[in-house]
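Chemist: Just need the whole structure built from these sequences, with the hints factored in.
2 protein chains.
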Amino acid sequence: MPEELTYRDAGVNIDEAERALRGVVGDIQATYDQNVVAGVGSFGSLYRATFDGIEKPLLVSSIDSIGTKTRVAAMVGDYGGLGYDIVNHCVNDILCQGAKPIYFLDYFGSSRLEATLFDKIVRSMAQACQENECSLIGGETAELPDVYHQDEIDVVGSIVGVVDFDRKLPRGKMKPGDALVGIASNGLHTNGYSLARRALFEVGGLSVRDGVPGLGTRIGEELLRPHRSYLHAVYPLLQDTEGIYAVSHITGGGLYGNLPRVMPSDVRAVVERRTWTPLPIFQLIQSAGNIPDAEMYRAFNMGVGMVLFVDRFNAPAVVQRLHLAGESAAIIGNVEAGPRDVQIV
Amino acid sequence: MPEELTYRDAGVNIDEAERALRGVVGDIQATYDQNVVAGVGSFGSLYRATFDGIEKPLLVSSIDSIGTKTRVAAMVGDYGGLGYDIVNHCVNDILCQGAKPIYFLDYFGSSRLEATLFDKIVRSMAQACQENECSLIGGETAELPDVYHQDEIDVVGSIVGVVDFDRKLPRGKMKPGDALVGIASNGLHTNGYSLARRALFEVGGLSVRDGVPGLGTRIGEELLRPHRSYLHAVYPLLQDTEGIYAVSHITGGGLYGNLPRVMPSDVRAVVERRTWTPLPIFQLIQSAGNIPDAEMYRAFNMGVGMVLFVDRFNAPAVVQRLHLAGESAAIIGNVEAGPRDVQIV
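Quick note, the sequences are listed as chains A and B, same order. For the first sequence, the working numbering begins at 1 and goes up steadily by one. For the second sequence, the working numbering begins at 1 and goes up steadily by one.
Fair warning: there could be bad hints in the mix.
A pair counts as met if it fits within one copy or between any two copies, since identical chains are not told apart.
Derived pair list, reagent style SDA-like, types lysine to any residue, alpha-carbon separation capped at 25 angstroms [claimed, not checked]:
1) Lys-173 x Glu-140
2) Lys-175 x Gly-39
3) Lys-56 x Val-162
4) Lys-120 x Gln-150
Hints were generated in silico from the structure; no laboratory data involved. It should be emphasised that the depicted structure is a prediction, and the values quoted were computed from it without experimental measurement.
Modeler: Encoded structure:
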C-alpha cells in the first residue's frame, strides 16, 4: 500500500489560494461601485445592468493576457506594474469601440501559487481598476505545475464596458483625406516581449541591468513600464467631438495588424515614419537583434499606443485636446483611396 | 552582425494564429444571437444590453479554466470535449446565481499554437455555446513558449449571463430542515485532475488505456467525459418553483468547499454518503493513490455535480422534475442549525 496521497502532494494548495485571496480582498472591494451586488467569493459576480444616460446600451467585452512581460518582471523582481498592464490593455481595447469600462475579472494561472507575488499583481490590478473607474468583481487562480514552467505565470483579464449604440465606434464614414492622430506609448506596453527578450538577452547578450543608450534608465525599467490607459484622454473626446471615425489600439501585430481592424475595405492608411521617433528601447531591441524594419513595425507599437482616425478639419483640435489632457500626440499619417491596407513610408 | 531575427524565430507565429481563427470563424458566428452587434475580430465584442421580460437585470459573470484536464486530452489524443468543459463549467457557475448565459469569451494560452488542436477545442466550445443558447463573441490566443511546457495549453473562459434582481440566488431564508438535492455528475468534470493523474498514472502505474473495474470503459474515456451543463434541467425549475433557496456547483474544493459559498452563517449542511455511490472512477483514483476519504471529498465532486438547497416540502417534487428532465437526482442530506459548516457522514 503506497503512502497516503493528498491534493497538496499533487501540487495544488487550496489553503494557499484562500490565504492569498484573503490578503487582497480589501483592495478588491475598494474598487466596487454602487452597481456591484455580489463580488469575489460568489460563483458568479453580480452587476446591475442599469446604465444611466445611455439610451441603447451595448455591452463591450474583451479578454487578453500580458504575455511574457511576466518573464521580465521575474528577471527584475518587480511585479507591481503587471496589474496595470492587463487592466489598461483591456480598457484600451474596448475604448476602440467607444466604451467605458464597468467591470473586470482576472485569471491567474501559475505553476505554483506564490502568495506575495499574487498579492502584488492583484493589488496593482485593483489600483488600475480604480483609476479606470472599473470594479474588479471576480477572478480565479489555478495551480498547474504540469502546464506551466517552474515559477511561470499567465495573467489573463476579461473586461466588460458599455457604450450607447449610437455612439459606438467605428462610426461615420472614414474617407480619403482623413488624418491619423497617433498618441504616444511609453514602451512595449504588453506586446512583443518574446521577440524583445530574444533580441536583447539572447542575441544581444544584454541584461535587464544594462543602460538604454540615450536614456538614463535601465533596460529592465523600460521594458516594465506599465501599459498606459488612454481612457481619460480619449473617452471625453469621443463624447463631444463628431469627427472621430475610429480608434485603434496598437497591440500585437503593430500598426500593420491593428489599423485595418477598424478600417472599411475601400481605404488604406499611410503612416509617415518621419512624424515621430521610435522610443530608444525599440531602437535598442532592433539593433541588438538585427530585426528588419517591417518586422519591428509588425511586432511592436514603435512608440504609438493608439491611433484615432479623424476628419482632417477636426484633427488639429483633437491633437490639441490630447495635449491638454497630458498626452503626446501628433498627426502621423492619413487615409487614402485604395483597397484596405497599411503603408508605412 | 547577427542574422536577422523575426517574431517567428522568437516562437510567435501571427500568421498561424490568423489561419487558425479563419478555420473556425464560421462555427463561432453560428453561435451569435440577434443581440450580437460585433464579434470576433473586433477590439471588443458588442452585445445589446436589452433583456426582454427582465425588469431589473443583473449581469452575472465568471472566469475559469479547465486545469490539467488538458493533459489527459493529450494522453488520449482527444481534445474534442474540452470546449464543452470550459463552457459548461462557466454556465453552471452563473446558474448558481440564477442566471442564464448570454455570451462567452475564451482565452487559449499555449507553448505553440497548433491549428488542428485549436480548431477542435474552439469547435467544441462553439457547439457547447449553442447548446447553452450562448453567443461565443470573442477570444484571444497567446503563444508563450517560455511560460508553458512544450505542447501544453491552458483553456480559460469568461461568461456573462443575466438574472432578474428579484430572482437572483441565493434567495429566501435557508433554514434547518431544508433538503439538499444532489444532481449526478458524470465524472471529475474539470476539477482534481492533478491529484487524479498523480494517483492513477504515477502512484498506481496505470495508463489511460486501462479499464475501469466495474465498467466496460477505459480510464481515459472516464476522465475525459465532458463537464455537464445543468442549465436546461435547473433553470426552468428556478423560474417556477419557489422553494429553491440556493444552488451550489461542486467544483474545486468539492462539497466541503462549495456548499458554504451559498449558505448563511447560521446553518450547517449534513451530507449523507449512503444516499449515493461515488462513480467507479473515483473509487479507482482513491484506491490507486491511497487517498484519505476527506481528501477525496475535498478534491472531487464524488459524483455530485450540483446541489440545490430546497424547502423540505418542495424537495420531492424538485427531485421528480429533475428526473423528468433526464437527470439522476436524490435528496443527499439536509440543513441543520449550527455555525456554517459541512459534515459528510
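Chemist: Which hints, by number, does the structure contradict?
Modeler: Hint check: 1 fails alone, others pass.
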